[in-house]
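Student: The primary structure of each chain is shown beneath.
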Amino acid sequence: MSMDRTMMRGANDDLPQARLGWIMAAIQTLIYAGFVGTFIASPETMTRPIAPGMGVTVATVFGLLCILSTMVLTGTYVLIANRLTAR
Amino acid sequence: MPGSLVSLLAGLALAGAATPALAADAAGMNPAAVTMFVAIVLTTLGITWWAARRASSADQFYAAGGQISGFQNGIALAGDMISAGALLGLAGLICASGFDGLIFAVGYATGLPFVVFLVAERLRKLGRYTVADVLATRLSETPIRIFTAVATLVIVMFYLIAQMVGAGQLIRLLFGLDYLYAQILVGALMICYVMFGGMVATTWVQIVKAVLLLSAGIAISLLVLASFGFNYNALVARAIAVHPKHEGMMMPQVYAGSVWQSLSLGMTLMLGTAGLPHVLMRFFTVPDARAARVSVFWAVMCQSGFFALIFVIGFGALAIVAGDPAYLDAKGAIRGGGNMATVHLSHALGGDTLMGLVSAVAFATILAVVAGLTLTGASAVSHDLYARILGRQSATERSEIRVSRLATVGLGLLSVLLGIAFQSQNVAYMISLAYAVSCSSTLPLLILALYWGGLTTRGAIAGGVTGLVGAVLLTVLGPPVWVKVLGNAAPIFPLDPPTIVTMPLAFLTAVAVSVMDRRRAPAAAMAPAVSG
Numbered sequence: 818m819s820m821d822r823t824m825m826r827g828a829n830d831d832l833p834q835a836r837l838g839w840i841m842a843a844i845q846t847l848i849y850a851g852f853v854g855t856f857i858a859s860p861e862t863m864t865r866p867i868a869p870g871m872g873v874t875v876a877t878v879f880g881l882l883c884i885l886s887t888m889v890l891t892g893t894y895v896l897i898a899n900r901l902t903a904r
Numbered sequence: 005m006p007g008s009l010v011s012l013l014a015g016l017a018l019a020g021a022a023t024p025a026l027a028a029d030a031a032g033m034n035p036a037a038v039t040m041f042v043a044i045v046l047t048t049l050g051i052t053w054w055a056a057r058r059a060s061s062a063d064q065f066y067a068a069g070g071q072i073s074g075f076q077n078g079i080a081l082a083g084d085m086i087s088a089g090a091l092l093g094l095a096g097l098i099c100a101s102g103f104d105g106l107i108f109a110v111g112y113a114t115g116l117p118f119v120v121f122l123v124a125e126r127l128r129k130l131g132r133y134t135v136a137d138v139l140a141t142r143l144s145e146t147p148i149r150i151f152t153a154v155a156t157l158v159i160v161m162f163y164l165i166a167q168m169v170g171a172g173q174l175i176r177l178l179f180g181l182d183y184l185y186a187q188i189l190v191g192a193l194m195i196c197y198v199m200f201g202g203m204v205a206t207t208w209v210q211i212v213k214a215v216l217l218l219s220a221g222i223a224i225s226l227l228v229l230a231s232f233g234f235n236y237n238a239l240v241a242r243a244i245a246v247h248p249k250h251e252g253m254m255m256p257q258v259y260a261g262s263v264w265q266s267l268s269l270g271m272t273l274m275l276g277t278a279g280l281p282h283v284l285m286r287f288f289t290v291p292d293a294r295a296a297r298v299s300v301f302w303a304v305m306c307q308s309g310f311f312a313l314i315f316v317i318g319f320g321a322l323a324i325v326a327g328d329p330a331y332l333d334a335k336g337a338i339r340g341g342g343n344m345a346t347v348h349l350s351h352a353l354g355g356d357t358l359m360g361l362v363s364a365v366a367f368a369t370i371l372a373v374v375a376g377l378t379l380t381g382a383s384a385v386s387h388d389l390y391a392r393i394l395g396r397q398s399a400t401e402r403s404e405i406r407v408s409r410l411a412t413v414g415l416g417l418l419s420v421l422l423g424i425a426f427q428s429q430n431v432a433y434m435i436s437l438a439y440a441v442s443c444s445s446t447l448p449l450l451i452l453a454l455y456w457g458g459l460t461t462r463g464a465i466a467g468g469v470t471g472l473v474g475a476v477l478l479t480v481l482g483p484p485v486w487v488k489v490l491g492n493a494a495p496i497f498p499l500d501p502p503t504i505v506t507m508p509l510a511f512l513t514a515v516a517v518s519v520m521d522r523r524r525a526p527a528a529a530m531a532p533a534v535s536g
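Residue numbers (my numbering), protein chains in the order written: chain A, 818 to 904; chain B, 5 to 536.
In short, the hints are calculated from the structure, not lab data.
Every residue gets a Cβ at the ideal spot worked out from N, C-alpha and C, and that includes glycine.
Hints should not be assumed to be uniformly reliable.
[As the list claims (entries may be wrong)] The calculated label-pair distances, taken between Cβ atoms and stated as ranges, are:
hint: 1; chain 1: A; residue 1: R900; chain 2: B; residue 2: G491; range: 56 to 62 angstroms
hint: 2; chain 1: A; residue 1: L901; chain 2: B; residue 2: V263; range: 38 to 44 angstroms
hint: 3; chain 1: A; residue 1: V889; chain 2: B; residue 2: A245; range: 46 to 52 angstroms
hint: 4; chain 1: A; residue 1: L896; chain 2: B; residue 2: N492; range: 29 to 35 angstroms
hint: 5; chain 1: A; residue 1: L882; chain 2: B; residue 2: S403; range: 35 to 41 angstroms
hint: 6; chain 1: A; residue 1: A850; chain 2: B; residue 2: G355; range: 55 to 61 angstroms
hint: 7; chain 1: A; residue 1: I844; chain 2: B; residue 2: T146; range: 38 to 44 angstroms
hint: 8; chain 1: A; residue 1: A903; chain 2: B; residue 2: G252; range: 26 to 32 angstroms
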C-alpha cells in the first residue's frame, strides 16, 4: 500500500495529469470488469432480453455502453489534460 | 535511383492489376468489383510512390520526421486498431458463434483508452522511435534491445498471420485466385509499400484507408438498419431466428468454459493494446505531447465508433447472409470462409458495386495494417539489433535503412508461409494471440520501467523472457495451435489465451529478480529514477 502511494506521488511530480490518468483507468477498468464479471457471475442476467419478447439482450446494451464509455472517458481526459498542461 | 523505383512500382502495379483481371475473366467475376478493387490498390501505390520521394532520412523513414499532425496521426492510429480482424473477423465470428464477436469488439475497444491514460504520456517523454529506446534509457542497452526486438518480432508475426489469412481469403473469393497466389500477391505488395515508403507512406495509406473504412462501415450499417425499417430489435430478432442455436447464441462461447478462461480473455483484450509495438510507435510520429493527446482522442472516437457499428454489421451479416443459401456452400457454411461474411453482406445490400468497394477497402485495410506491422518488425531488426548492437561502429543511416529493407523482405516471405499454415482460422481470434504475447512480454516491462524505480536490467530480462517463452509455449500447447493447427484432440494446456498465467508470472519474475539483484549488488544495480 505504501509503495502505491509513493508511486502516485512520484507520478504526480513530473506529470500533472498523472492522477487523472489513474482515475480514468480505474473507471474504465470498473466498467469493463463489470461487463466481463456479470457474464461470469450471472450469464442469465446478461442473456435476458431488455424487455419481454424482445431480441436485444442486456449484454447488447451493456456492451454498447461500454464502448461509448471509452469515447466519453478519453474525451474528458484529453480535455482536462490539455488544460492542465497549458497552464 | 528514382527512375528505377518508379518503373519497378509501375511494373508491380501492372502485375497487380493484370493478374486479377485475367483471373476474374476466367472465374466470371463481376467487373464492377474488380474495377473498384484495382482503383483503390493503385491509389495506395500512388501514395507510396509520392511518399517515397520524401522519406530520405532515418527519422523520416521510422517516425515520419515527427511531423505528422495530431488529427492525421489519430486517424492513422485508428487505422492500426481497425484491422482486417475488426472488419472481416468480427462479423464472421458473430455469424459462426453469435455474441463472441461482440465480446471481442468490446474488449478491443477498451484497450486504447488504457494506453492513453497510463502509458502514452510517460512513453513519449522517454523515447525516440521504438519501445526499446524507452527501456534503454533506464536499463542496460544491449540485452534490453535484443529482448524487445525478439518480443516485437513475435507479436508482429502473430498479428501479421491474421492479416495475411484475411487477405488471402478475400483475394480468393473476389478473383477466384488460388489461395497460394493470393498470399504471394499480398506479400509482394506489402514489401513494396514498406520498402519504398516507410512511415510517411504507411501513415498516409492508413489515413486514406481509415476514412474509407469508416465510411463503408457507416454505409453498410445504415443499409442493414434500413432493410429492417430502422428497428434494431427486429434485426437482432431475425439474427436470433437465423442462427442454429437461436437464443443460445446470445451467450458467448468464449465464456462458456471455466472462469479462468473468461478472465484470461477479458484481461488479454483490454491490456494487450498497451504492449503492441506498432501502436506504441504511433506516439512518436507527432511533434509534441499535446498533438499526441489530440491524436489519441480522434483515434478512440474512430475505433470505438467502428466497434459500435459491429453491433449492427455483425447481426446484419448473421440475419441477411447466413440465412441466404446464395452465400452458403454445400455444407451450409459461408462461401469463401467465415471471414467473408462482411463481403457477402455488402453484396446483398448494394450489389456488385458495394461489394467491390468493401472488398477493396478491406484489402487496403489489410495492406495498410500489414505495412505498419512490417515496418515495426523491420525497425526492430534494423534499429534495435543492427544499428545499436551488431554494427554499432560501422552502421550509418544509409546502411540502417538498407538492413531494414532486407528485414522487410524477410518478414514478408515468412508471413506468406505462416499465412498458408493458418489459412482456415478466424482472423479476429488470431489477433487475440498477438495480444496474449504482448500482455506477457512487452507490457510488464513497459509498466515496470515507467512506474517502478526498482527494476534492474537482469530483472527485466528474466521477467520478459519468462513471459514471452511462457506465452508462446502455452499457446502452442493450448487450443490455438495444438488442437486447431496440429489437429490433436485435446490441448495439453487448457486456457486460451494463457495471459492469466503468463502475465502475472512475467511481473513476479521481473520484480523478484530485480529485488534479489539489488540486494546482491546495490550500487551496480541502482537505476536512475525516471525523471521528467
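Student: Looking only at beta-carbon atoms, does the pair L896(A), N492(B) fall within the given range of 29 to 35 angstroms?
Tutor: violated (52 angstroms)
Student: A range of 56 to 62 angstroms was offered for this pair. Does it hold for the Cβ distance of R900(A) and G491(B)?
Tutor: The hint (56 to 62 angstroms, Cβ to Cβ) holds, given that R900(A) and G491(B) are roughly 57 angstroms apart.
Student: Holds or violated: the 55 to 61 angstroms window for the beta-carbon distance between A850(A) and G355(B)?
Tutor: Check failed, 44 angstroms falls outside 55 to 61 angstroms.
Student: A range of 35 to 41 angstroms was offered for this pair. Does it hold for the Cβ distance of L882(A) and S403(B)?
Tutor: violated (52 angstroms)
Student: The hint says 38 to 44 angstroms between I844(A) and T146(B); measuring C-beta to C-beta, is that right?
Tutor: Because 40 angstroms falls inside the window, the suggested range holds.
Student: Are A903(A) and G252(B) spaced within 26 to 32 angstroms by their CB atoms?
Tutor: Given range 26 to 32 angstroms: violated, Cβ gap about 53 angstroms.
Student: When you take the CB atoms of L901(A) and V263(B), is the distance between them in 38 to 44 angstroms?
Tutor: holds (40 angstroms)
Student: Assuming the hint says 46 to 52 angstroms, is it satisfied by the Cβ distance from V889(A) to A245(B) or not?
Tutor: Distance hint for V889(A), A245(B) is violated at roughly 34 angstroms.
Violated hints, in rising order: 3, 4, 5, 6, 8; the structure is consistent with all others.
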